[in-house]
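Novice: Counting in the numbering used here, the sequence shown runs from 1 upward without gaps.
No wet-lab data here; the hints were simulated from the structure. By construction, the Cβ of each residue, glycine as well, lies at the ideal position given by its N, Cα and C atoms. Zero decoy hints are in this set.
Cβ pair distances, simulated, as ranges:
| id | residue 1 | residue 2 | range |
| --- | --- | --- | --- |
| 1 | Asp-206 | Thr-90 | 29 to 39 Å |
| 2 | Ala-229 | Tyr-171 | 16 to 26 Å |
| 3 | Leu-50 | Glu-92 | 48 to 58 Å |
SDA-like cross-link-like pairs, simulated, lysine to any residue; straight-line CA separation at most 20 Å:
| id | residue 1 | residue 2 |
| --- | --- | --- |
| 4 | Lys-205 | Ser-194 |
| 5 | Lys-212 | Ile-201 |
| 6 | Lys-205 | Gln-187 |
| 7 | Lys-212 | Pro-117 |
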Amino acid sequence: MEKLKLKLNKKQLVLALFIAGAVLILFDIIMLAVVVPQGRPGFFKIMLALIFGLMTLLGVWLLLAAYVHSHDADSHFFRYDEETRRNIPTKELTGERVIRRMSLYLRNMVGKDDYLPEVWERNYFRETDKEFGENRVLAPLVAYKMLYDLASVDQDDCWKLFVQADASLIYDISDELRRAGEQRMPQALEEVYSDAEGKYIENIKDFLVGNKRYMKRRMLEYALKNDGAFY
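Could you build the full structure based on these sequences and the hints that come with them?
Specialist: Okay, here's the thing in structure tokens:
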């Protein structure tokens, strides 16, 4: 399951592989240049050359492993391109890409493709076994995405998920939106929920569908603002 994690361990692995490979190659070059020529001729000298030659190949392999792992260690949660195996520039990041990555994140978090009912029936914001990254950097995006998905599907069954959600979930979503810099939206969300009482689904629909494009833009802005936290 793909999760957002800081790649500190992998970066340390890359450094270790690079140092080991470089030291091994340097050692083998010295041995091949100094020790082997001065060794006894014949089979013993050939064996020494073969051993140090194999060790040089091992050093090269370690450097190649460091190179391969370095790309994975520096892969960005939103900007990493699977086809090119490179991070795209920040200027090429789009709202659509952020939404696709958040859909993947929610599917992995819940463990199923149809994650929407699950995230509204349970309060994942209060479950300590769920990872939102360092300093819960992904939590505001999860809040945005939950609301955005309701507006995108725009069906009565989905709106009922909002109406029937536990009040603690609504207030946690509002808190995460405030962490993202929102002011009016969390307050309006709480007011719509309080007024709903299981009846006024149209009010909820109008509010979220009307803010769908705004939420998409805000998700992109949040991802760009916190770009360095998503490695």
